[in-house]
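Engineer: Please build the complex by placing chain B on the supplied structure of chain V, with the hints as guidance.
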Amino acid sequence: MPQEKALVMTQQDMFRILKRIAIEIVERNKGLDDVVLLGIQRRGVYLANRLKDLFRDIEEVKVPTGELDITLYRDDIPTLLEQPVVHSTSIPVDIAGKKLILVDDVLYTGRTIRAALDALMDLGRPANVQLVILVDRGHRELPIQADYVGKNIPTSRSEMVEVRVTELDGEDKVVIIERNEV
Amino acid sequence: MNWRHKDLIDLDDWTREELNLFLEQANYMEELLNRPIKKVPALRGKLIVNFFFEPSTRTRVSFELAEKMLSADVVNWSSSGSSVSKGETLRDTAWTLEAMGADAVVIRYGAVGSADYLSRKLKKASVFNAGDGTHGHPTQALLDLHSAWKKLGNLEGSRMAIVGDVLHSRVARSNIKAFSKMGVKVILSGPATLMPTDIPSLGAEYDPDPRSAVKDADMIYLLRIQKERQEQGLIPSLDEYHLRYGATEELVSLAGKDALVMHPGPINRRVEIASEVADGEQSIILKQVRSGVAVRMALLYLCLGGVRN
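Taken in order, these protein sequences are the chains called V and B. Each residue of the first sequence is one higher than the one before, starting from 1 at the first, in my numbering. Each residue of the second sequence is one higher than the one before, starting from 183 at the first, in my numbering.
Hints listed in this document are in silico derivations from the structure and should not be mistaken for laboratory results. Among these hints, one or two may not hold up.
[Unchecked claim] Label-pair restraints from in silico Cβ distances:
1) B:Lys333 <-> V:Asp122: 26 to 34 Å
2) V:Asp122 <-> B:Glu280: 31 to 39 Å
3) B:Asp440 <-> V:Gly97: 49 to 57 Å
4) V:Gly110 <-> B:Glu270: 43 to 51 Å
[Unchecked claim] Below are the DSBU-like pairs computed for lysine-lysine, each with C-alpha atoms no more than 30 Å apart in a straight line:
5) B:Lys367 <-> B:Lys250
6) V:Lys99 <-> B:Lys220
7) V:Lys52 <-> B:Lys367
8) V:Lys62 <-> V:Lys5
9) B:Lys221 <-> V:Lys99
10) B:Lys305 <-> B:Lys333
Note that the coordinates shown come from a computational prediction; the quantities given were computed from them, not determined experimentally. Just so you know, even glycine gets a beta-carbon here, dropped at the ideal spot from N, CA and C.
The following block holds chain V by itself, in its conformation from the complex (with noise of 0.2 Å):
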């Protein structure tokens, strides 16, 4: 069993990250005009409906929020073990000349958002795009950073960031997780 090493974010850390987040995206969009709220499957999903909760009690605004799937623009199909599955991509409204922003729960070597930068450009071209990340870990193999960042965490690669959501794991928290030898 991989040993949970630390805890690094509670449920009440997570809702004030998101709050702050929810905040910090009004304020550079001057509102929420043309905004859009795109979860990356799995969990940036449910961090995408937190948001979009947020932005209901805060600004009483109703955010077109959808989920994007981008499994099938992976570049690591040939060599994974498992085969990932492929999950619901739902986009709401037309997302040409919005402002999309991508929420994803940990940033790590950059390529899921490559892939999702690739799935969003098939869809529709958005008047530009921005990153929401509640965990940036480092080891970036790509040029890509995120806009809007919950927390900093320096990891060393045997490790593994999880983010758990109330939704799918039955509690909000983030912990990081040693992996074991294989």
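Structural biologist: Below, chain B alone, put in the same frame as chain V:
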């Protein structure tokens, strides 16, 4: 997830869990058909050979579309003027395909067991059976399952009547396997001259009267009647066949308003199916075609991705 199948020869060794997961994956693939840009890069760099030694339009086109939507490189190799018609054996052809670097071969061939044979000869490439003689046509069964499942949801406890030339039908054989695995009761009907002798061993029942066979059916599945069957003396005439076994509005009404009418295509109007039924509200024939592309995409994706030993 660990998808254990590299080939698809027939559905005998697929479990119900695998079928359920497969249907769900096919649903997501179908979402892609609605997009402005339908192509995704998932199988970029994979070489797929469509090896068709019997006439086929829809199966070949459907496979080709699925391959192209996943960005695979596609080569079509068909019977006329090919080396097989020059006398090359299937074994030599297999080795040729491997030498060319094919990652997958989709094969339709007249001999029963040809896909299985090819898969034993090919060490690396995946083999997908697109019809081997009267034995099986598993991707047809998967697409039938997908289109019925989308309409009816859980199929457990439902009934399917398959009417027509079961004897010569690989579609019927694969469908009986696939639908029974999902808990569907399958009843076969049609002239006794067009029925195999081993119906119970297929896992189905026989009812010579299509009227009672379709009663309470949730799905009525019509099989194509080949014109040669009349010359072979297996049916008296196409008109008479239509009167007794054809899916007329009257026959379909015995099953009820919600029953689905299905057909693998291409249809013979006024033989196994009346035009009013084929074009009617209960018909999902064109939805089956759409499912065909989605199901083949899911199959290629699941069997060709990942690292295998």
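Engineer: Are Asp440 of chain B and Gly97 of chain V spaced within 49 to 57 Å by their CB atoms?
Structural biologist: violated, 44 Å
Engineer: Within a Cα-Cα threshold of 30 Å, do Lys367 of chain B and Lys250 of chain B meet the stated pairing?
Structural biologist: The given pair, whose Cα atoms are some 36 Å apart, is violated under the 30 Å limit.
Engineer: Does 26 to 34 Å hold as the CB distance between Lys333 of chain B and Asp122 of chain V, or does it fail?
Structural biologist: Once the Cβ atoms are compared, 29 Å apart, the range 26 to 34 Å for Asp122 of chain V and Lys333 of chain B holds.
Engineer: Mind checking the hinted window 43 to 51 Å against the Cβ distance between Gly110 of chain V and Glu270 of chain B?
Structural biologist: For Glu270 of chain B against Gly110 of chain V, whose Cβ atoms are near 49 Å apart, the range 43 to 51 Å holds.
Engineer: Are the Cα positions of Lys99 of chain V and Lys220 of chain B separated by 30 Å at most?
Structural biologist: Measuring from Cα to Cα gives roughly 23 Å; hence the hint holds.
Engineer: Decide if the proposed pair is consistent with the structure: Lys52 of chain V and Lys367 of chain B, CA atoms, cutoff 30 Å inclusive.
Structural biologist: Roughly 46 Å between the alpha carbons, so the hint for Lys52 of chain V and Lys367 of chain B is violated.
Engineer: Lys62 of chain V and Lys5 of chain V were given as a pair; does the straight-line alpha-carbon distance stay at or below 30 Å?
Structural biologist: violated, 39 Å
Engineer: CB of Asp122 of chain V to CB of Glu280 of chain B, is that within 31 to 39 Å?
Structural biologist: holds, 33 Å
Engineer: Assess, step by step, whether the Cα of Lys221 of chain B is no farther than 30 Å from the Cα of Lys99 of chain V, and give holds or violated.
Structural biologist: Distance of about 24 Å is within 30 Å: holds.
Engineer: Do the alpha carbons of Lys305 of chain B and Lys333 of chain B lie within 30 Å of each other, as the hint requires?
Structural biologist: Measuring from Cα to Cα gives roughly 39 Å; hence the hint is violated.
Violated hints for the displayed structure, listed by number in ascending order: 3, 5, 7, 8 and 10.
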